[in-house]
Amino acid sequence: MSRQQQVASNLEMRAVIPFLWAKRCNYSEIYRPSHEVSDENAMSRQAIAKWCDMFENGRKHIGDAEHEGRQLTATNSEITDLMLQNKRAD
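Each number in my numbering corresponds to the 1-based position in the sequence shown with 21 added.
It should be emphasised that the hints constitute simulated quantities derived from the structure, not laboratory data.
For clarity, every value in this text was computed on a predicted model and none was experimentally measured.
Careful, some of the hints might be misleading.
In the BS3-like style, the derived pairs of lysine-lysine whose C-alpha atoms are separated by at most 27 Å in a straight line are [unchecked claim]:
no.	residue 1	residue 2
1	44	81
2	71	81
3	44	71
Here are the simulated distance ranges between beta carbons [as the list claims (entries may be wrong)]:
no.	residue 1	residue 2	range
4	61	40	21 to 29 Å
5	47	81	17 to 25 Å
6	33	100	30 to 38 Å
All C-beta atoms in this analysis are idealised placements derived from N, C-alpha and C, irrespective of residue type, glycine included.
All chains should be modelled from the sequences, with the hints used to inform the complete structure.
What follows is the structure in structure tokens.
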């Protein structure tokens, strides 16, 4: 499975979790059908429990949260600008 398909699969599962959680399904009741359909690509019970807890505590969206810290990617112009700044500082 490609990375893009895996991300789409996780988002689909995250979309189902709040619906089933609202219907008072427990973690295992959410996990079993997803595992039957997705097999090895299914979200783990621990991950489902984590997402259920987050939705229970008021989370409203299914997307990944923004992460603090270092940016994962940079554009060529950003790199060039940083190199020029560093060169001038020397």
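Under the criterion that the straight-line Cα-Cα distance not exceed 27 Å, is the pair residue 71, residue 81 satisfied?
14 Å, holds
If you draw a straight line from the CA of residue 44 to the CA of residue 71, is it 27 Å or shorter?
17 Å, holds
Outcome for the supplied range 30 to 38 Å, where the beta carbon pair is residue 33 and residue 100:
36 Å, holds
Should the hint that residue 47 and residue 81 are 17 to 25 Å apart at their CB atoms be regarded as holding?
22 Å, holds
Should the hint that residue 61 and residue 40 are 21 to 29 Å apart at their CB atoms be regarded as holding?
24 Å, holds
Run the distance test for residue 44 versus residue 81: straight-line Cα separation, threshold 27 Å.
16 Å, holds
Of the hints listed earlier, there is not a single one the structure fails to meet.
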